[in-house]
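When you get a sec, could you build the whole thing from the sequences and use the hints?
Below are the chains, spelled out letter by letter.
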Amino acid sequence: MTESPMRLWEVFIRARNGLAHQHVGSIHAADAEMAVQAARDTYTRRGEGLSIWVVPSAAIAASDPADQSMLFEPGTTKPYRHPTFYIVPEEVGHM
Amino acid sequence: MYSQGLDQRDGRHDGANTAEPAEALARFQARIDAEEKIEANDWMPDAYRRTLIRQISQHAHSEIVGMGPEGNWITRAPSLRRKAALLAKVQDECGHGVYLYAAAETLGVSREELVDALLEGRAKYSSIFNYPTLTWADIGAVGWLVDGAAIMNQIPLCRCSYGPYARAMIRVCKEESFHQRQGFEIMLTLSRGTAAQQAMAQDALDRLWWPVLMMFGPPDTDSQHSDQSMRWKIKRFTNDGLRQKFIDATVPQAQYLGLTIPDPALRFDDASGHWISGPIDWAEFRRVLAGGGPCNRERLETRRRAHAEGAWVRAAAQAHAARHEAKAA
Numbered sequence: 001m002t003e004s005p006m007r008l009w010e011v012f013i014r015a016r017n018g019l020a021h022q023h024v025g026s027i028h029a030a031d032a033e034m035a036v037q038a039a040r041d042t043y044t045r046r047g048e049g050l051s052i053w054v055v056p057s058a059a060i061a062a063s064d065p066a067d068q069s070m071l072f073e074p075g076t077t078k079p080y081r082h083p084t085f086y087i088v089p090e091e092v093g094h095m
Numbered sequence: 096m097y098s099q100g101l102d103q104r105d106g107r108h109d110g111a112n113t114a115e116p117a118e119a120l121a122r123f124q125a126r127i128d129a130e131e132k133i134e135a136n137d138w139m140p141d142a143y144r145r146t147l148i149r150q151i152s153q154h155a156h157s158e159i160v161g162m163g164p165e166g167n168w169i170t171r172a173p174s175l176r177r178k179a180a181l182l183a184k185v186q187d188e189c190g191h192g193v194y195l196y197a198a199a200e201t202l203g204v205s206r207e208e209l210v211d212a213l214l215e216g217r218a219k220y221s222s223i224f225n226y227p228t229l230t231w232a233d234i235g236a237v238g239w240l241v242d243g244a245a246i247m248n249q250i251p252l253c254r255c256s257y258g259p260y261a262r263a264m265i266r267v268c269k270e271e272s273f274h275q276r277q278g279f280e281i282m283l284t285l286s287r288g289t290a291a292q293q294a295m296a297q298d299a300l301d302r303l304w305w306p307v308l309m310m311f312g313p314p315d316t317d318s319q320h321s322d323q324s325m326r327w328k329i330k331r332f333t334n335d336g337l338r339q340k341f342i343d344a345t346v347p348q349a350q351y352l353g354l355t356i357p358d359p360a361l362r363f364d365d366a367s368g369h370w371i372s373g374p375i376d377w378a379e380f381r382r383v384l385a386g387g388g389p390c391n392r393e394r395l396e397t398r399r400r401a402h403a404e405g406a407w408v409r410a411a412a413q414a415h416a417a418r419h420e421a422k423a424a
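Heads up: the sequence lines are chains A and B, in that order.
20 is the number that my numbering gives to position 20 of the first sequence; each next residue is one higher, with no gaps.
Numbering-wise, my numbering comes out as the position in the second sequence, counting from 1, plus 95.
Source of the hints: derived by calculation from the structure; they are not laboratory data.
Computed from a prediction, not measured in an experiment: that's the story for all the values here.
Note that CB positions come from ideal geometry on N, CA and C, so glycine has one too.
Be careful, since some hints might not be right.
Some, not all, of what chain B presents toward chain A, calculated at C-beta under 10 Å [to be verified]:
1) 186
2) 321
3) 410
4) 421
5) 424
Put into structure tokens, the structure is as follows:
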């Protein structure tokens with residue numbers, strides 16, 4: 001018989017102060033406290049981090065890959081948002 | 096390899112699904128050909144998903160069952176240094192199983208279903224773990240050869256087309272190198288030791304050499320799923336190609352140890368620059384994979400017992416979480 005599934009958590013680790021927490025993978029645990037402990041054992045056995053966040057996977061809202069072109073096309077068709085779009089004469093120097 | 100059961104017929108049809116539009120399949124193949132990674136929520140052919148679920152879960156099962164033969168020696172390791180290293184290695188294998196189950200779950204199966212399939216004998220794991228670890232030298236040989244073969248197979252998997260699997264493999268590979276080196280160090284110590292220790296090292300190599308070569312799966316001529324997996328870039332090298340790389344890398348290491356590879360036909364081919372191995376007993380491979388190896392029954396029974404004896408812990412953790420949530424609400 002299949003047991004009722006353990007809740008799934010996404011694990012984020014800060015490798016060292018000054019860096020953002022980064023997604024490293026997921027873990028199963030009944031509650032947040034055990035999720036932090038399991039994440040410690042699974043993802044930081046060799047000094048990979050100083051801080052752990054766990055987030056219930058079910059709490060993550062994600063964009064749909066099918067909407068990719070609609071969502072992100074506006075970000076790729078506006079070259080004037082980049083500094084290289086503008087002409088600055090060489091004699092002006094670094095700007 | 097750890098998913099060598101893939102190469103066996105499973106009675107399922109893995110060919111094109113007629114419900115899938117040809118243009119979607121072509122677009123998918125074009126993404127693969129362009130070395131784009133496929134991510135969990137992307138469209139993918141049914142057969143791609145099924146192949147990956149089987150391959151990743153077989154790989155995960157292998158990591159978990161693989162803890163057995165080595166765990167067997169933790170309490171009998173000859174020194175504290177060896178014991179600490181072995182304990183850390185076995186803990187890594189467990190972690191690798193966890194990464195891999197999580198990668199499989201991104202494809203829409205639950206870890207519970209996958210574990211049930213293993214415990215009910217419906218899922219495969221690597222044939223190598225059905226051999227016993229009879230002496231301490233076997234722990235050296237397992238690290239050196241089994242982990243060495245695993246690394247050979249897993250490094251190309253870091254470039255697998257499926258993103259979550261590739262990322263899990265990168266983590267695994269980072270950790271695996273210590274496993275092979277600690278095994279080689281054990282073999283080195285034994286082979287530089289007393290005559291009895293040298294004999295123990297040779298005996299371990301004699302028993303494990305051929306089963307390790309079988310880890311790479313059946314020869315390319317018999318491999319059922321190889322071509323499609325190569326086209327989908329789930330697999331980057333053929334079974335025979337990886338096996339040859341392993342033999343070429345390992346023979347000089349055995350020579351350094353002063354040990355003899357138990358293959359009277361083994362010879363170096365000047366023209367190709369490869370070590371050519373004698374014939375592999377594929378009947379033994381099929382027998383072990385089908386459940387007839389020396390330890391198949393014991394390995395599964397151990398997993399079943401561990402799972403059953405842990406049931407109250409999982410139930411208690413869930414009950415504790417539910418009660419605290421109810422209180423907080």
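Hints, verified against the model:
1. The interface hint given for residue 186(B) holds, since its Cβ lies 7 Å from the closest Cβ of chain A, which is under the 10 Å cut-off.
2. The closest approach between the C-beta of residue 321(B) and any C-beta of chain A is roughly 29 Å, which is over the 10 Å cut-off, so the hint fails.
3. The beta carbon of residue 410(B) comes within 8 Å of a beta carbon in chain A, closer than 10 Å, and the hint placing it at the interface holds.
4. The criterion of a C-beta within 10 Å of any C-beta in chain A is not met by residue 421(B), whose closest approach is roughly 12 Å, and the hint is violated.
5. At about 14 Å, the closest approach between the beta carbon of residue 424(B) and any beta carbon in chain A exceeds 10 Å, and the interface hint on this residue is violated.
Checked against the numbered hints above, the structure breaks hints 2, 4 and 5 and satisfies the rest.
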